[in-house]
Structure formats: structure tokens, C-alpha cells
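> As given, the protein sequences belong to chains U and F, one line each in that order. Reminder that position 226 of the first sequence reads as 226 in my numbering, one-by-one numbering, no gaps. Reminder that position 73 of the second sequence reads as 1073 in my numbering, one-by-one numbering, no gaps.
Worth flagging that the hints you see were computed from the coordinates, not collected in a lab. It should be emphasised that the depicted structure is a prediction, and the values quoted were computed from it without experimental measurement. Check before you lean on any hint, since a few could be wrong.
Stated by the list, open to error - Below 30 Å or equal to it, Euclidean Cα-Cα: the simulated DSBU-like pairs (lysine-lysine) are:
#	chain 1	residue 1	chain 2	residue 2
1	U	K82	F	K1019
2	U	K146	F	K1092
3	F	K1013	U	K73
4	U	K136	U	K146
5	U	K11	U	K187
6	U	K78	U	K146
7	F	K1039	U	K78
8	U	K82	U	K146
9	F	K1039	F	K1092
10	F	K1096	U	K146
11	F	K1063	U	K187
12	F	K1092	U	K19
13	U	K73	U	K49
14	F	K1096	U	K82
15	U	K73	F	K1092
16	F	K1096	F	K1019
17	U	K73	U	K146
18	U	K82	U	K49
19	U	K48	U	K73
20	U	K136	F	K1039
21	U	K78	U	K136
22	F	K1096	U	K78
23	U	K78	F	K1092
24	F	K1096	U	K136
25	U	K73	F	K1063
To be verified - The calculated label-pair distances, taken between Cβ atoms and stated as ranges, are:
#	chain 1	residue 1	chain 2	residue 2	range
26	U	I53	F	A1007	31 to 41 Å
27	F	N1098	U	V121	44 to 54 Å
28	F	S1035	U	L196	31 to 41 Å
29	U	H17	F	F1060	25 to 35 Å
To be verified - Calculated Cβ distances over 12 Å to all of chain F for the following chain U residues:
#	residue
30	D22
31	A31
32	S57
33	G191
Note that beta-carbon positions come from the ideal geometry of N, C-alpha and C, so glycine has one too.
Take a look at the letters that make up each chain.
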Amino acid sequence: MSSPLEQFEIKPLLALHFKGYDLSFSNSALAMCITVAAIVLIFSFCLKKRTIIPTLSQSVPESLYEFIYNLVKTNVGKNGIKYFSFIFCLFLYVAFGNLIGLFPYSFTFTSHVAAVGALSVLALCFNICVGIYNRKWGYLRTFLPKGIPVVLAPLVVPIETISLLSKPFSLTVRLVANMTVGHIMLKILGGFVVALGVAGIVPLFFQALIIIFEIFIALLQAFIYTVLSCIYLGDALRSH
Amino acid sequence: MKKNADAENLSVKINAFKKKHGNGLSAQEPQSPQSGAAKGFQFCIEFISGVLVALAIGFFLDKVFSSFPICLAVCAVFGSAAGVLNVYRYAKTSEKENA
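Just chain U, same shape as in the assembly (with noise of 0.2 Å):
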């Protein structure tokens, strides 16, 4: 591996085509799915032995939950409840995705444009229905806010709509950008310690701090995210 680009190429595992597609199984498929396949894992073994007063293992998930509770009771509001599950699977799988890429040898999933950005869509799609079904015809609302005459209008609507659309735009495009940074810094790094010989502990050095750094950024980058499409539903459900 020479570029520190070629740690993002998607490579087919499984060819697979239909009537033109490719349909193959990637290596970021692979990861997806090691993805989930942990958090399951994970969730399964630390809440196997479910007690009142939660053990250490039990205690991770359970303050995992209520963080993300109390951040989409705050962000989105009571109403914004019973939506709790889906905000709470999109943190987990953006968190696991982004610590799972960190391990040696693992794809990096998040730091794909296709990968966020249909999850982004995804998102935008069930805050139109969240908004539609909770709202009904008041949803055109968020194309033009209250307190604006009619006259204005044809400005406003496309302006709202633009920024309606730009909004997955925006949240791939951070996720991305900084998982892609961190990797090839990584990947840089780690080519000066083989380079460098035995010199090469000083780029180590740093090299470890900086995945510790990575680490961190991995869970702050999830928490935005998730702040962010609490925020967007918070929008849906209520108008600006």
C-alpha cells in the first residue's frame, strides 16, 4: 500500500450484477456489517444479565441510553420520544462505524460519500414523514415560516426548499471530511515510522497520539451527527 488514498478503494468481495447494476459485495459492505454484527454483539453480552442496580458492563449501555434520551428529549422535545429509537441507531451505527475503521486492516465505511450521504438522505426522507404524519398539510409551513407576508413567497420557498435539501449535504460532508483526514494522516504517519527505521519512534510517538485523538473525534464526529438529526427532526416536528 503505497498512496494513503488506497486505504478508501472499494473492492469488490463478491461479484454480483443484475440487469446492468453492480450489486457486488465490497469491502464497505463487509464493514457495514461487521459494524451492526458488533453492536449487537456488544449490546447482547453487556445486558445478558439484566439487575436493578446494573453491574460495570451493564452500566455502559444503560448511560449510552440515557445520554441519547436526554439528548433527543432536549433537542427535539417530548414529542420526539417515541423517534428516540432511531436516533439512538443512527448514533450507534455512526460511532461503531468510526471506531471500527480505526482497527488495522478495517474499511472505514464513514469516510465515504455514498455510504453517509444515502444514511443522510435516509435520514432527511424520515423527517419529511415524521413531519407529514405529525403535522399533515401545517409541514408547507417549513417552506414558509409564519410572520411572512405572501408577497414574498417566491423567494422564500425556493430558499427554504435549497435549505431543506442542503442539510444531508452538510452532514455527510463534515463526517466525511473528517474521517478522511484523520486516516490519511494516519496512513502518512505510519509510513514515516517504517521509513525512518529505528528514527522512526518519534513519528510512533505521535502517531499514538494522534489515534487517541482519532478516537475521540470518531465519538464527537457520531455526536454531531446525531445532535444535528436531532435538530432537523426537532425542525420537522415543530415549524422555525
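Put chain F on the given structure of chain U with help from the hints.
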């Protein structure tokens, strides 16, 4: 009784400490440059995403109606406005979070 007296003593000490050192971080404490850079990056993304999405819509409409570059130009203007709106909303949200 002794426990109550100890608790009172402790609360008096805590109050004195708060008066002397403040209740938490002072408002004037400078933020780390990295957090500023990260915020700047996010503001840029908010603005650029509005413009890029609008340009994509404009390009698509131009292709459909064969009207290049009218829709692209109109959407660029609307996209810039949407970008500014995104930045304003993001600033409002982060201000609320900081408060």
C-alpha cells in the same frame, strides 16, 4: 447532629470558594484555536452545501428544459441565500448550545 454541622460547614466553604473563583469557566476565557477552526469549517460547509445543492438543482433543471444557463444562474442566487440562511441557523443553534 455532628453530621449536620459538618454539612453546613462544607456548604459554607463551597459558597466561599464559588465567590472567590466563580461558578465555572469565566465567559472571557479564550477558546482554543482548534475549536474556532472547527467551527469555521462547519460554517463553511453550511454555506457551501446550500450553494452546491442549488447549483446541482439548476444544472438538472437546465438539462430538462434545455435552458442553459438561466436555471443555473437563478439557482445560484437562491443557493447563496439558502447558504446564508443555513449559516445563520447554525450560528443560532451553536449559540444556544454555548449558553
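> For each hint, tell me whether it holds in the structure or not.
Status of each hint after checking the structure:
Of the supplied pair hints, the one linking K82(U) and K1019(F) is violated, its CA atoms being roughly 43 Å apart against a limit of 30 Å. At most 30 Å may separate the alpha-carbon atoms for a hinted pair to count; K146(U) and K1092(F) meet this at roughly 18 Å. The hinted pair formed by K1013(F) and K73(U) fails the criterion: a straight-line CA distance of about 35 Å is larger than 30 Å. With a C-alpha separation of about 16 Å, the suggested pair K136(U) and K146(U) falls inside the 30 Å cut-off, and the hint holds.
A threshold of 30 Å between alpha carbons decides the hint, and for K11(U) with K187(U) the separation of about 19 Å falls inside it, so the pair holds. Restraint check: the Cα-Cα separation between K78(U) and K146(U) comes to about 23 Å, which is no more than 30 Å; the hinted pair holds. For the given pair, K1039(F) sits about 29 Å from K78(U) by alpha-carbon distance, which is consistent with the 30 Å threshold. Distance check on the hinted pair: K82(U) and K146(U) sit about 27 Å apart at the alpha-carbon level, within 30 Å; holds.
In summary, the hint linking K1039(F) to K1092(F) is supported, as the alpha carbons are separated by about 13 Å, within the 30 Å threshold. Restraint check: the Cα-Cα separation between K1096(F) and K146(U) comes to about 21 Å, which is no more than 30 Å; the hinted pair holds. For the proposed pair K1063(F) and K187(U), the alpha carbon gap of about 41 Å is over 30 Å, so the pair is violated. In summary, the hint linking K1092(F) to K19(U) is not supported, as the alpha carbons are separated by about 48 Å, beyond the 30 Å threshold.
Under the criterion of a C-alpha separation no larger than 30 Å, the hint pairing K73(U) with K49(U) is consistent with the structure, at around 28 Å. Restraint check for K1096(F) and K82(U): satisfied, since their Cα atoms lie roughly 24 Å apart, inside the 30 Å limit. Only pairs whose Cα atoms come within 30 Å are accepted, and K73(U) paired with K1092(F) is accepted, the gap being roughly 19 Å. Taking the CA atoms of K1096(F) and K1019(F), the gap is about 26 Å. The hint holds against a cut of 30 Å.
With a C-alpha separation of about 25 Å, the suggested pairing of K73(U) with K146(U) holds against the 30 Å cut-off. Note on K82(U) and K49(U): the hinted pairing holds, with a Cα-Cα distance of about 26 Å set against a maximum of 30 Å. Restraint check for K48(U) and K73(U): satisfied, since their Cα atoms lie roughly 27 Å apart, inside the 30 Å limit. About 35 Å separates the Cα atoms of K136(U) and K1039(F), which puts this hinted pair outside 30 Å; it is violated.
Our distance criterion of 30 Å between C-alpha atoms is met by K78(U) and K136(U), whose separation comes to about 19 Å. Of the supplied pair hints, the one linking K1096(F) and K78(U) holds, its CA atoms being roughly 19 Å apart against a limit of 30 Å. With a CA separation close to 22 Å, the supplied pair K78(U) and K1092(F) stays within the 30 Å bound. This hinted pair checks out: K1096(F) and K136(U) have alpha carbons roughly 29 Å apart, not beyond 30 Å.
Restraint check: the Cα-Cα separation between K73(U) and K1063(F) comes to about 44 Å, which exceeds 30 Å; the hinted pair is violated. Between I53(U) and A1007(F) the C-beta distance comes to about 26 Å, which lies outside the given range of 31 to 41 Å. Checking the proposed 44 to 54 Å range against N1098(F) and V121(U) shows it is violated: the Cβ atoms sit about 30 Å from each other. Here the CB-CB span from S1035(F) to L196(U) is close to 32 Å, well matched to the stated 31 to 41 Å.
Taking 25 to 35 Å as the suggested C-beta distance range, the pair H17(U) and F1060(F) conforms, at roughly 28 Å. With a least beta-carbon separation of about 23 Å from chain F, D22(U) lies farther than 12 Å from that chain, consistent with its non-interface assignment. A cut-off of 12 Å between C-beta atoms confirms that A31(U) is not in contact with chain F; the least separation is 25 Å. The beta carbon of S57(U) is kept farther than 12 Å from every beta carbon of chain F, the shortest such distance being approximately 32 Å.
Its beta-carbon lying about 25 Å from the closest one in chain F, G191(U) satisfies the requirement of being farther than 12 Å from that chain.
The earlier numbered hints that this structure contradicts are 1, 3, 11, 12, 20, 25, 26 and 27.
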